[in-house]
Structures are given as C-alpha cells and as structure tokens.
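Every letter in the sequence shown is one number past the one before it in the working numbering, and letter 74, counting from 1, is 74.
Source of the hints: derived by calculation from the structure; they are not laboratory data. Hints may be right or wrong, so weigh each one.
As the list claims (entries may be wrong) - Below are the DMTMM-like pairs computed for lysine to aspartate or glutamate, each with C-alpha atoms no more than 25 Å apart in a straight line:
1. K56 - E71
2. K75 - E60
3. K58 - E71
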Amino acid sequence: MVEEGIIRGLGNTNWHRFVNNLGINNVPENPWEYPGAFNFVGALWKGAWRTLQREKSKSEYQARQLEAQYEYEEKK
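Turn these sequences into a full structure, and let the hints steer you where they fit.
See below:
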C-alpha cells in the first residue's frame with residue numbers, strides 16, 4: 001500500500017538495498033512517486049494502438065506477398 005508516497009514495508013533504505021541485491025543500475029530514487037505529467041492510461045493505450053497498427057501492417061504485407069506469389073505461380 002502507498003501511504004504519503006512511501007510503500008509500506010519498503011522504505012528508502014530497503015529500496016536501495018533491494019535494488020543493489022538485484023544488481024540494477026540507474027534506478028529512480030523513488031519509483032512509487034509518479035510525475036504529475038505522466039499519463040499511465042494514455043501510455044498503455046498508445047502502446048496497445050501501436051501494437052495493433054504493427055500487426056495490421058504485417059498482415060497487409062503478408063497478403064501482398066501471397067498475392068504476388070499466386071500471380072507468379074499462375075504465369076508459370
């Protein structure tokens with residue numbers, strides 16, 4: 001649970017010890033505090049939309065490749 005910007009049971013000292021034990025470098029000082037400009041839901045939606053667009057592009061490319069292959073085989 002988050003209480004006044006501090007995760008209960010994981011204080012600043014424990015956080016640094018935890019990160020050091022995992023060998024993680026360049027970690028944020030307080031990862032449970034999000035900047036006010038960060039839009040978590042917007043970031044998720046944007047990522048999902050990009051994934052869908054990527055899959056759509058792949059499918060369209062595969063369809064064009066199959067169509068070209070069928071045309072090539074018909075000409076033989």
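Tested hints:
no.: 1; hint: K56 - E71; verdict: holds, 23 Å
no.: 2; hint: K75 - E60; verdict: holds, 23 Å
no.: 3; hint: K58 - E71; verdict: holds, 20 Å
When the structure is compared with the earlier hints, no violation turns up for any of them.
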